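Asker: These protein sequences, in sequence, are chains U and R. Residue numbers for the first sequence follow my numbering, so the first one is 1 and each next one is one higher. Residue numbers for the second sequence follow my numbering, so the first one is 118 and each next one is one higher.
Hints were generated in silico from the structure; no laboratory data involved. One should not assume that every hint holds.
Unchecked claim - Beyond 10 Å from chain R on every Cβ pair, some chain U residues (computed): (1) S15; (2) Y36; (3) F67; (4) E104.
Said to hold, decoys possible - Straight-line alpha carbon distances no greater than 30 Å define the calculated DSBU-like cross-link-like pairs of lysine-lysine that follow: (5) U:K41 with R:K225; (6) U:K20 with U:K66; (7) U:K55 with U:K14; (8) U:K64 with R:K169; (9) R:K120 with U:K64; (10) R:K213 with R:K186; (11) U:K20 with R:K213; (12) U:K64 with U:K14; (13) U:K41 with U:K66; (14) U:K41 with R:K213; (15) U:K66 with U:K14; (16) R:K186 with R:K169; (17) U:K20 with U:K55; (18) R:K120 with U:K41; (19) R:K213 with U:K66; (20) U:K55 with R:K213; (21) R:K186 with U:K64; (22) U:K41 with U:K20; (23) U:K55 with R:K225.
Computed from a prediction, not measured in an experiment: that's the story for all the values here. Cβ atoms here follow ideal geometry from the backbone N, Cα and C, with glycine treated the same way.
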Amino acid sequence: GAVVSQHPSWVICKSGTSVKIECRSLDFQATTMFWYRQFPKQSLMLMATSNEGSKATYEQGVEKDKFLINHASLTLSTLTVTSAHPEDSSFYICSAPDRASGGETQYFGPGTRLLVL
Amino acid sequence: DAKTTQPPSMDCAEGRAANLPCNHSTISGNEYVYWYRQIHSQGPQYIIHGLKNNETNEMASLIITEDRKSSTLILPHATLRDTAVYYCIVTNQGGKLIFGQGTELSVKP
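When you get a sec, could you build the whole thing from the sequences and use the hints?
Answerer: Written as structure tokens, this is what we have:
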């Protein structure tokens with residue numbers, strides 16, 4: 001299947017700082033990417049849809065000014081957690097649909113674990 | 118998107134077939150059934166998907182009932198590495214994937 005990468009794989013930061021997470025589709029282009037968050041022992045929660053060349057669309061309850069999304073190219077979307085606080089500590093995962101595969105199968109990155117101290 | 122119901126947990130003996138059920142009684146005509154799994158601390162892995170016909174690939178088989186209200190994912194010869202949380206999701210192609218709680222499959226030696 002198609003490959004999606006994320007960087008960094010884990011990050012520790014101080015409260016009040018901003019953290020940027022990158023999501024890349026390595027062998028296909030993605031005009032849309034999705035960002036999820038997962039707390040321990042819970043399921044994945046969809047945060048937002050990243051759209052290449054236009055604004056991201058956020059799910060209800062997700063603060064767009066806190067979680068800035070930029071989809072600068074057909075292979076890269078970034079999620080910036082601004083002014084991070086300990087409650088933002090979580091596992092952040094992105095996905096991208098590979099439309100060239102003959103369907104719309106979404107492939108997921110390996111995730112980024114964020115710890116805010 | 119239609120909602121799915123899965124048992125919270127299942128056990129399976131190593132080498133035996135693992136049959137994971139999923140109910141999706143409100144599925145609409147253009148929605149597909151997708152299966153993903155998540156091994157601890159990793160991103161979800163795509164397994165298989167189907168619309169109405171049964172599907173098979175190198176990982177698993179997907180059996181969808183004729184009325185499409187339920188499906189079963191079959192891992193023909195489960196190994197310890199198949200221990201994971203398995204998610205059944207129904208959605209339009211290209212649509213958002215909304216994850217439920219999934220089934221935690223434990224493959225035991």
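Asker: Does K64 of chain U lie within 30 Å of K186 of chain R when you go C-alpha to C-alpha?
Answerer: 36 Å, violated
Asker: Hinted pair, alpha-carbon criterion (30 Å max): K66 of chain U, K14 of chain U. Please report holds or violated.
Answerer: 16 Å, holds
Asker: Decide if the proposed pair is consistent with the structure: K213 of chain R and K66 of chain U, CA atoms, cutoff 30 Å inclusive.
Answerer: 22 Å, holds
Asker: Need the status of pair K120 of chain R, K64 of chain U: alpha-carbon distance at most 30 Å?
Answerer: Holds, at roughly 26 Å.
Asker: Are K55 of chain U and K14 of chain U close enough, with their CA atoms no more than 30 Å apart?
Answerer: 28 Å, holds
Asker: Check whether the Cα positions of K41 of chain U and K66 of chain U lie no farther apart than 30 Å.
Answerer: Holds - the C-alpha atoms of K66 of chain U and K41 of chain U are around 24 Å apart, at most 30 Å.
Asker: Are the Cα atoms of K41 of chain U and K225 of chain R separated by 30 Å or less?
Answerer: 21 Å, holds
Asker: Is it correct that the beta-carbon of F67 of chain U has no partner in chain R closer than or equal to 10 Å?
Answerer: 16 Å, holds
Asker: Since Y36 of chain U was said not to touch the interface, does its Cβ keep a gap of more than 10 Å from each Cβ of chain R?
Answerer: The claim breaks: Y36 of chain U does not keep its Cβ more than 10 Å from every Cβ of chain R (closest is about 8 Å).
Asker: Can you confirm whether the C-alpha distance between K55 of chain U and K213 of chain R stays at or below 30 Å?
Answerer: Satisfied, since the Cα-Cα distance of roughly 17 Å is no more than 30 Å.
Asker: Per the stated criterion, does the least C-beta distance between E104 of chain U and chain R lie above 10 Å, as a non-interface residue requires?
Answerer: Non-interface label fails for E104 of chain U: nearest chain R Cβ at 4 Å, not farther than 10 Å.
Asker: Is K120 of chain R within 30 Å of K41 of chain U, Cα to Cα?
Answerer: With Cα atoms ~20 Å apart, K120 of chain R and K41 of chain U stay inside 30 Å; holds.
Hint compliance for this structure: hints 2, 4, 8, 21, 23 are not met, and every other hint is.
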